[in-house]
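Given the coordinates of chain A, assemble chain B onto it according to the supplied hints.
Number of protein chains: 2
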Amino acid sequence: MIDDTTTLGELDEEHILAELLPVLTRHTSATVRVGVGDDAAVLAAHVSVVATTDTMVKGVDWRDDWSLPQEVGRKLVAQNVSDLAAMGARPTGLLLTVASEPNLPLRWLLQLGEGVSAAAAEAGTVVVGGDVSAAPGGVVLLGMTAIGDLEGRAPVTRAGARPGDVVAVRGSLGRSGAGLRLLGQGAAREEMTGAAAQLVADHCAPRPPWEAGAEAAAAGATSMIDLSDGLVRDASRVARASDVRLDLESDLLAVQVAALAEVVGEEAAWADVLGGGEEHSLLATFGPTARPPHGWLAIGAVAAAHDAESPVTLDGQRVEVTGWDHFDRSTAGREGVAGPRALPGTTKGRSETDRP
Amino acid sequence: MIDDTTTLGELDEEHILAELLPVLTRHTSATVRVGVGDDAAVLAAHVSVVATTDTMVKGVDWRDDWSLPQEVGRKLVAQNVSDLAAMGARPTGLLLTVASEPNLPLRWLLQLGEGVSAAAAEAGTVVVGGDVSAAPGGVVLLGMTAIGDLEGRAPVTRAGARPGDVVAVRGSLGRSGAGLRLLGQGAAREEMTGAAAQLVADHCAPRPPWEAGAEAAAAGATSMIDLSDGLVRDASRVARASDVRLDLESDLLAVQVAALAEVVGEEAAWADVLGGGEEHSLLATFGPTARPPHGWLAIGAVAAAHDAESPVTLDGQRVEVTGWDHFDRSTAGREGVAGPRALPGTTKGRSETDRP
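Protein chains in written order, with the working numbering: chain A, 1 to 356; chain B, 1001 to 1356.
In short, the hints are calculated from the structure, not lab data.
Just so you know, even glycine gets a beta-carbon here, dropped at the ideal spot from N, CA and C.
Hints are not guaranteed to be accurate.
[As the list claims (entries may be wrong)] Over the 10 Å line for every Cβ pair with chain A, so calculated as not near, a few chain B residues:
hint: 1; residue: 1121
hint: 2; residue: 1201
hint: 3; residue: 1293
[As the list claims (entries may be wrong)] Taking CB as the label site, the calculated pair distances span:
hint: 4; chain 1: B; residue 1: 1195; chain 2: A; residue 2: 152; range: 50 to 60 Å
hint: 5; chain 1: B; residue 1: 1289; chain 2: A; residue 2: 294; range: 57 to 67 Å
hint: 6; chain 1: B; residue 1: 1137; chain 2: A; residue 2: 9; range: 17 to 27 Å
hint: 7; chain 1: B; residue 1: 1193; chain 2: A; residue 2: 152; range: 56 to 66 Å
hint: 8; chain 1: A; residue 1: 9; chain 2: B; residue 2: 1309; range: 30 to 40 Å
hint: 9; chain 1: A; residue 1: 304; chain 2: B; residue 2: 1001; range: 30 to 40 Å
hint: 10; chain 1: A; residue 1: 9; chain 2: B; residue 2: 1265; range: 28 to 38 Å
Next up, chain A with everything else stripped away, as it sits in the complex:
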């Protein structure tokens, strides 16, 4: 008898899958030739296949008192699909891994599945396989692999930015970081309303611009990256991979800051826009004659790199964000923006529970 109090330890794998798979495969996709239930999934593709994977660990990447299971499922899809989008690909299938302590409620898993399924459908894809296994007490680990199709286009890597290119962003900046900041300040989620509640919701279940990556690739983006670790940190990765400098302009970021400042204050808003993680918006560069598709916001320009120079500048000044790292405990709680434009209190946002 399965009800809302059933835990995974009371069921065998077959019964767990019998409950979970209908939730995960509620939607269909034309690119799936063989879905769940065989040794492996078979996905239609053109010439190249794009693949990425990400893991979320309870107590490290989410907290049950902050995030609903549906939101955790959405976030898992968002992280992976935005990595595909950053290559210029569209998703063709998702593989979901669950490694859990036996006393996880089945209800939680099915609600996670609802979030996965809904976000996958928004992104135009479905779950085509995965793995469920037991883990020691206290452990709930979720893994996702997303497979994507370039539809004949060349992949857009981090290494193609050239001096003279425009730097542009698609999607919001700093909202996830600001939401984490509010949660970290101890505010109870159920008492939040309006803009604050929306920032927290955007942290718990980001909604990346699913379509924008393929559109940017088709429009000739020269480089692209998913903003998972903060604007400055991810822009630095493009700069280093392309051997260029990215010059950002604060005037062009002001509209993003203003949207946050009314809730978290201007100083924190700047820190979140420059350094807040888990936003999963896209940063791309476009050649000087290319026209970024609708919805992309120019935020700066690409310049030639010179040795020993900051890879990213803001209004011509060095800007550097020291971020949070999964393994290096010495950085936890020491986040901040360094340099001439020092902006304390940057929410790096990779971890909900490792913050002070």
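Okay, now just chain B, sitting in the frame of chain A:
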């Protein structure tokens, strides 16, 4: 200063990856267009993409006192590549996920990487991406996703077996189960020699017939499955998916039993051949006029199914193996072969540590 005593908690992600990636990418592959280091990997493919994923949890799927890290790495690759092979595909890229407690020695991770890298090279593929994240104390979880290419062939599913087909196996039977049986009996690995030591090695690091799946597909296999949960249990899956019955013949299995019987005795050898898990050999069916490729051993024939009948028979008698299940603790320690040909003590072999 990194040495053999360094743990993951002493390093940041960047340094962990700087150590691990050279180990993982020691070999190259012509199907990789963009490997590790960008948002996602890009793999060359023909028309369809095959994808599968598997997870191994320390304390559930391996024990550090039984398995070397290189062996755990080999087993992770074996599980995944054999799932691709069972669809008729060749691997084009692997994604590796590590979620670990911070005090895991880096040395262990690099030795795992050596096993992954070596097994991947044998299978003709490489690691093209992945994810490293922190997990709570006591937890080491490994995930792998394998992406494969059908090279223009149709996928070989579990559902294509037809009455009159030949049932054939490629690779060994029961060796991994027998090796687990020896470990479970408390024998110290370093004191084992000869055939016993080899059975244990085959359990800790199975070497599936990497190439055989694509060859069988090209030769017209009508159905195929990876033997991960035991011959009878996996044959039953093919029978149910194809709506047929698989009739196995003990005479044709005798050679496999004889190889084990000298070490574990005849009764245990039968139990391991029929029910032992984690072998990762392939079971396929071939049409009556098809010629299975070199190395495939005929072990029976496909018959029409009748209602309420056993999906698999041995010498015309019902045979059923009750196996171990990851979540259902009530089955742990109650493994065995039921029915007329009852063979007690079957090693199901999905778990090293949940055995009595």
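* Structure-inconsistent hints, enumerated in ascending order -> none
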